[in-house]
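A.B. asks: Its first residue numbered 1, the sequence shown is counted upward by one per residue in full-length UniProt numbering.
Each hint should be verified, as a subset may be incorrect.
Said to hold, decoys possible - Pairs of lysine-lysine, BS3-like flavour, derived with a Cα cap of 30 Å: (1) LYS53 x LYS24; (2) LYS51 x LYS39; (3) LYS39 x LYS24; (4) LYS51 x LYS24; (5) LYS53 x LYS39.
By construction, these hints were calculated from the structure, which means they are not laboratory data.
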Amino acid sequence: MTLTLTVPNMACSACANNITNAVKTVDADAIVQADPSTKLVSVETQASEEKIKDALANAGYPPA
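Use the sequences and the hints to build the structure in full.
C.D. replies: Laid out in structure tokens, this is it:
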């Protein structure tokens, strides 16, 4: 499943790395593309959308 989420407080590449790491705590095989300029995160994962959103929120990057 592919999710596209908006993460308003992603500001830089370090934020994008933190977001990628947060997703990979839920699904180590996930493919994550985080773009600070558009604030969009695309995740190809087998995990549920709820688990991905929870992981992002717990890392300090709640999706809109």
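A.B. asks: Are the hints correct? Go through all of them and say.
C.D. replies: Outcome of the hint check:
1. Restraint check for LYS53 and LYS24: satisfied, since their Cα atoms lie roughly 12 Å apart, inside the 30 Å limit.
2. Our distance criterion of 30 Å between C-alpha atoms is met by LYS51 and LYS39, whose separation comes to about 19 Å.
3. A distance of roughly 19 Å separates the Cα atoms of LYS39 and LYS24; the hinted pair therefore holds under the 30 Å criterion.
4. Annotation: proposed proximity of LYS51 to LYS24 holds, straight-line Cα distance about 11 Å (limit 30 Å).
5. Simply put, LYS53 and LYS39 have alpha-carbon atoms about 15 Å apart, close enough for the 30 Å limit, and the pair holds.
Of the numbered hints stated above, none is contradicted by the structure.
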